[in-house]
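Q: Here are the chains, one letter per residue:
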Amino acid sequence: MKLTTKLLAATAMVSASAASAVELEVTHWWTSGGEAAAVSEFAAAWNATGNTWVDGAIAGSGGTARPIIISRILGGDPMGATQLNHGRQAEELIEAGLMLDLTDVAEAGNWADIVNPSSLLEGCTLDGKIYCVPVNIHSFQWMWLSHQAFADAGLDVPTNWDEFTASADALEAAGKVPLAMGQQGWQQNGAFGVMAVAIAGQDAWLAVNADKNADVAAGPEYAKVFEAAVAARAMAANTNVQDWNQATNMVITGEAGAQIMGDWAQGEFSVAGSVAGTDYTCLPGLGVNEILDTGGDAFYFPVNDDPEITAAQKELAALLISPEVQVSFNLAKGSLPVRGDIDMSTANDCMQKGLEILAAGNVLPSGDQNLSADTTTQIEDLMAEFWSGDMSAADAQTRYAALIASAD
Amino acid sequence: MSLELGKSAYSVEIKQLDLAFGAVKVLQGLDLNINEGEFLVLLGSSGCGKSTLLNCIAGLLEITDGQIWIKGQNVTWAEPSERGIGMVFQSYALYPQMTVKGNLSFGLKNAKLPKDEIEKRVARAAEILQIEPLLNRKPGALSGGQRQRVAIGRALVRDVDVFLFDEPLSNLDAKLRVDLRVELKRLHNQLQNTMIYVTHDQVEAMTLADRIAVMKGGAIMQLGTPDEIYNKPRNLYVADFIGSPSMNFLEGHFEDGRFTVDDMVMPMTGYDFAAPQTANRPAVIGIRPEHVVTGELVRNTPLRYKVDVDLVEPMGSDTLVYAKLGRHIFRIRMDGQAVVQAGETIEIGVDPSRASLFDKATEDRL
Amino acid sequence: MADIAMTGPRGPKPKKRFSRTNIFLYGTLIMISMYYLLPLYVMIVTSLKGMPEIRLGNVFGPPLEITYEPWVKAWSEACTGVNCDGLSRGFWNSVNILIPSVVLSIAIASVNGYALSNWKFKGSEVFFTILILGAFIPYQTMIYPIVIMLREIGLMGDLGGLVLVHSVFGMPILTLLFRNYFTSVPEELFKAARVDGAGFWRIYFQIMLPMALPIFVVAVILQVTGIWNDFLFGVIYTKPATYPMTVQLNNIVNSVQGVKEYNVNMAATLLTGLVPLVIYFLSGKLFVRGIAAGAVKG
Amino acid sequence: MSVVEDRSLQGAAGAKRPIRLFRNPMAKIASIPMILTAMVVFVGGTLWTVVHSFSGSKLLPRLNWVGFDQYERLWETPRWLISISNLALYGICSLILTLTIGFVLAALLDRKIRGEGVFRTIFLYPFALSFVVTGIAWQWILNPDFGLQNLVREWGWESFVFNPLNDPDTVMFGLLIAGIWQGSGLIMCIMLAGLRGIDEDIWKAARVDGIGTVKTYIRIVIPMMRPVFITSLVLIASGIIKLYDLVVAQTNGGPGISSEVPAKYVIEYMFRAQNLGQGFAASTMMLVSVVIILIPWAYLEFGKGMRIMHFLGMIALVLLTLAGFVAVVVAWSFSLSLLLPLVGFLICAGALTAYLRFVKGHIQHG
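Chains as they are written, first to last, in our numbering: chain W, -2 to 405; chain A, 6 to 371; chain Y, 32 to 329; chain X, 2 to 367.
If we strip away everything but chain W, and leave its shape as in the complex, we get:
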């Protein structure tokens, strides 16, 4: 049985490559400099197979892009492939039979063995079938520190969160924004999550995010997190930017001391020519708790009536996870590859740090895999309100716990 499927898949792939060039439209929301460079790697690899990559970049964050992508799939105008965070976002689409089953491709490519951590593939699996290709691992658990900002303030670059908070006043005195924070809910929520893992600890974080334990969310560990967030809010008060990459840019130019942002920020540093270790420092887990959450991007392939397109979709699925493409893409993107069996020696300091943590197995599932989009949106709204206003830590925690209690 298994053999037959493998053979079938192989045949499908062969016939697809043999077939005439297929145009696949791929939608994604990778529009910042580093991201765009990374997606070009995909496009180049795909075009090299004789097919055509039709780029469907949707600007803004995933929040803007997802509705467009979903309404197109629902609207009967599916794209060839699309980026979506794996996890619960696509569940209903899969249940409605709108996504292509990639199990045969996965088995042919032996994804079960090569994808590390395996939770990534689990995120793509529903009822034993695989519906998406994880392409990278992204972790929010990073803090980026500007060497120049600290030098201007006459300080050493901190090595953990406590040292950083201690230096905030001096940074401010030197006319710097201690913590750059783009004023969008997802960024603020992400930073909060990082602080939660670092301050409340891994167990408390899992209890809240995976088990939806509202008691823990309302408990003393989280109270400390909210206190820290209030402090962080004060440090970020003078950030007059909305987009995450503008905030990153403040770190690059030395306007801001630090930013808590996912590893995709690395792409911005490399585009700007900054060098890890000399121009900036990256601290995983705020330097407190070296751990990575393993969110990431995945590609889904909406069901299409045209067998030629279906074949091409499978071909692209296999291509995205192939070793060479993984290396080139992730180097450009600043993210970690989804397979542990490839050579990433050309990666820079920060990525190496990440790879080590990954190899050591210090991983957490990402928020996306745990909470529904609805709950996430509500929490992001709360965070947006919290970070841009003067809500007290206690109030914020009460409301946060209520949202966790009603999470589905």
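Because the hints were derived from the structure by calculation, they are not lab data. Where is the CB? At the ideal position from N, CA and C, for every residue including glycine. Among the hints, erroneous ones may be present.
Stated by the list, open to error - Derived contacts from chain X toward chain A, CB cut-off under 8 angstroms, selection only:
1) GLY15
2) ALA16
3) PRO19
Since chain W is already given, all that's left is putting chains A, Y and X on it; use the hints.
A: Leaving out everything else, chains A, Y and X in the frame of chain W:
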């Protein structure tokens, strides 16, 4: 062929016509027969239903019940263009973007007539109406009179038996109106078509009509020749409506062939009763101002009264005198040369045979 | 509100040329004009500056060194994702959306208005009332059902779908516009044409249409500006390849690569606003009539 | 023999009453797009949304009933309440400022000034621009590092702060500046047309009576322009509820969620949060608020004398008043400063009183 069709003696027949807009009944059980070649005027004040009736005949309004026959054909539900009618509107309704020629030939083109036939008919209509020099102009460049001529021409080219006119002269100034009225009469004499003409102007009605239908509240009050309408109005409404200045009315009592008002008694000798009158009843007598005799001629009239002149309105050709007769104000039309002054007492004479007598309750002519 | 034609000022006339009232009057008007003109001025000068000059400071200062680079970049080089062909793509998309939408919506609405004023039938007024009330219903309540409807007829994401959506949502105002116009045409003209044997379409094409040219111009202005400026429908019912210019503008301005290039953003903004602005300045009073048409009452 | 007659002879089609539904079939066929739009898209689509707002639909629409759960959650969600109070604040300010500015500009232009055309062109051009363009332009002007704030600081006032787009307390005013800039020209044009529609004799009479200019405007001209004001009011109000593009382009709801508006809440819950039911419930609430505003207006416009409309209008007014006050109370409890909602409260109360008087006056006049 005409036998098969059951050719009627009438050009237009309207049978039991009902028209209602929702709950509002506009026309009710209306019957009207119009003779071949007749010039019929529908006369009434605004809102009496005369234009509505015309629109029903034209097929521009969908009727609620009843039948309309034209030339022996039941056309109740036929399209306007299939009824063999031509229509002229008050506002001319010329197509502004077409030349005069285009206006005249539009209907013929719609009927898919051959080109030379169209040319022929347009030329003929233009000749009759003397609008040949205007053929290539647009309506915007024409005067009101010229426009109405073109509008008539548009009906003319259709070569139909029945012409419908919806207050065609009302938008013209007084002088033009008279000129065009004469022309219309001449046109009717020349063509001998059936014409149905709607107006609120009694002068137009009197001068043009073979018969006049006076309408009120969606019903025909009287249908008759202008002479009948004027001299023998069938009811108070018609009597009051026709004639300017309007008829003098005196309310009183009819008894034994005499009409009594206050202390005056008028024997109705020589009056042409609609039916032999025996019953006594409250009645109204109507006397037209121009039928009141003054001056020397008073002597020849059977009834004479002394009246006090209240007000004098000289109008050039004649003079209107308001005089007190008992407690009533009486309008008297005198010659333009007459010398009368307010405060004077004059003698007037009335001829009962020229008066109209109405039952006060039914308002019908006695 | 039927006619907004300016028949001449009505207010009391100020007495002397340099009276105190006059100075106050013109002073106030000029001050207010500055508020209205400021953004346009700032956009223009910013779009002509280089980034270093912008960073130095004053947005209101005229450019020290005029550069057309931002315009070129906005038009043909600015990136959203890996597509770096600037706004030009959005411009042509907008044109492709605009032309059929304007033609279709006006064609439908003018026939509607004509039917509603001259060929009333049982229920026609009811449908019309619903249509007008529909103009006030928040689009949000209809967005999702329309996604489903477009999917059912296979036009979701297609330009045709957006054209349809624009025609549907343009219908209330345009129908009202045409209905009011055709109602003002003397009814006798219509009757005369019927007596002349013309039917529904012949009267429409040969009598009504040639008379209604001015109102068609008004409708075209109304629709061109409206559709060109649309964002909501563009973002929901199209895909990136067919994004209209407004959506692409928002994308370019909000997809920052490194530093925000304010000059390019402003050039892009001006480019997007250019089409309706040109129409506005060319059409003058007709534009006023066009937009006031939205306010026309029955 | 004429062609028209030929046709009428061919058949007795006119005798048969046609079936009503098939009379003038072309008019009905041509109206199909309108009927479909009205019934399927407007009525059908709206009903569909309302029905599904009682479901627990997530990513895909389903009919798994949850009763009023979505509404309960909606009114417990701070972001929705903030959206509502933002809209109330924006709406009331925008209404008052736009009407005032529109009227004042129109009145200034109506005073026989030179260069009226130039000024009118300047005031109206922003209306040609989209909200996206407007939002981006003002985002740039209000940018604290380069825009107005920076300019004033360069003039020497170092501590000057004007940074509405990054300040949650004042961000709505940043939007308001842009919104009024874009929309007031239209209202000016409508007002100007209204002023021009006022008989010049009114001005002469006022002058003869010795009434001052300002007083004439307030006491005589504005009351005469009541219909113009109502039209403007409805126009502005319906635009306010649709407020979306401007927010997306200028602030995208930020900082935080302090400039969120209901329309954006709907879109984001429908698509981003994948909670269709929640989005439908929110859009239904938007619909309800529009209906509340619309009914009194529809009553004034179309329903004079219709008792049911009068009744509905009164209910709507009561609801409107309640809604206004609830919005203000909500704004009070969520806004960070006290002054703002207090001012809003007064404005709201004033606006409602004015609105009530307006409507009452109309009912009496009607």
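Q: Let me make sure I understand: some of the numbered hints might not hold for this structure. Which ones are they, in numerical order?
A: Violated: none.
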